[in-house]
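J.: Each chain, written out:
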Amino acid sequence: MKRVAAVVAALAVAGLVVYVMAKGFGTDPHEVPFLMAGQKAPEFSITRLDTNETVTLSQFKGKPVVLNFWATWCGPCAMEHPNLEWAARTYADKVVFLGIVFEDTEANTRRFLAEKGWTFTQLFDPKSTIAVDYAVSGVPETYFINREGVIVGKYAAPISRDILAQRIGEIL
Amino acid sequence: MISLILLALSLQYAPTRDIGPQLDAEREARVMVLGKQLRCAVCQGVAISDSPASMAQAQLAKVRELVAEDKTDAEILAYFVQRYGEWVLLEPTKTGLNVVLWAGPLALLGIGLVVILMQRKKPDAPSAKPPAPTEDPLLAQVRADLEK
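Residue numbers (this note's numbering), protein chains in the order written: chain A, 2 to 173; chain B, 280 to 427.
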């Protein structure tokens, strides 16, 4: 009887351990979890690259915001640049587009933008503090913030026009 | 060497960054202890205090900023957990289902020991009578013939 109880207890503990491990094995170890969806977007105060004016997130209160974190040394960022430009023109009256350059130099950024062209506000995060506040885990990453200033989600890859249109639809 | 060549060809790397002013020795030591507990967001299982990655340095700078604001260790860890979940902690907390990870192997070891001890206490019961010898009748006949 005691032996049966010991075997049952061992099986129960083993089952629990296997369950916990299976949960871990079922997740992609390269995927960085993102828990900020549904949270208030962190406030920031940062300098515009073109006018040196200070820009804060709260000044766009009541408007949906698309926040794109990028860097000049990032190939996929250059690939998605025309798509973001397209979206910024298409949704100019409805959505605020902000680019935040981090992990980069201001000189590189100015050179890149002069070469590729730009129409929406570009900001420079010299110490990546805003990137850390937003839990950025790579480049490029695009955040979608609704009118209430809540992060609806982020897209952690070069973004296409279709996905931009779909995700913007969620914050309009 | 190949890695260096590939890195140079890809040209995809962040410029090096000035880590900024450090705190006094005591608080800087606290920053490093906390940095050892937090996972770098752009690396593979490396603590932010051990990673040379620019983004890890930015995360460490955030820890330094929060320490300078006199935040407690729990508040600083919570800042990162709120963003990345418990994934960001290199050592899982001993709460919830994580308890199984910590206590499970020990419990299994204990149960195993109990089973072994129970087995050792109980020697095999002797059988009532020895089994009857069985012999092939043909072999018995041959042996009997030889003995004659």
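Honestly, the hints are just simulated from the structure, not real lab data. Please read these numbers as outputs of a predicted model, since none were measured by experiment. Every residue gets a Cβ at the ideal spot worked out from N, C-alpha and C, and that includes glycine. Please note: incorrect hints may appear among the correct ones.
As the list claims (entries may be wrong) - In silico lysine-lysine, PhoX-like type, Cα no more than 20 Å apart, as pairs:
1. A/K155 with A/K41
2. A/K3 with B/K373
3. A/K95 with A/K64
4. A/K62 with A/K24
5. A/K24 with B/K400
Claimed, not checked - Take a look, some chain B residues computed to stay more than 10 Å from chain A by CB distance:
6. M311
7. K315
8. A326
9. A337
10. E344
11. V346
12. T351
13. V360
14. G364
15. A386
16. A419
17. D424
J.: All hints are to be evaluated individually against the structure, with a verdict given for each.
T.: For each hint, the structure was consulted:
no. : hint              : in the structure
1   : A/K155 with A/K41 : holds, 13 Å
2   : A/K3 with B/K373  : violated, 31 Å
3   : A/K95 with A/K64  : holds, 7 Å
4   : A/K62 with A/K24  : violated, 40 Å
5   : A/K24 with B/K400 : violated, 39 Å
6   : M311              : holds, 17 Å
7   : K315              : holds, 18 Å
8   : A326              : holds, 15 Å
9   : A337              : violated, 4 Å
10  : E344              : violated, 8 Å
11  : V346              : holds, 14 Å
12  : T351              : holds, 19 Å
13  : V360              : violated, 8 Å
14  : G364              : violated, 4 Å
15  : A386              : violated, 5 Å
16  : A419              : holds, 43 Å
17  : D424              : holds, 52 Å
Violated hints, listed in ascending order, are 2, 4, 5, 9, 10, 13, 14, 15; each of the other numbered hints is respected by the structure.
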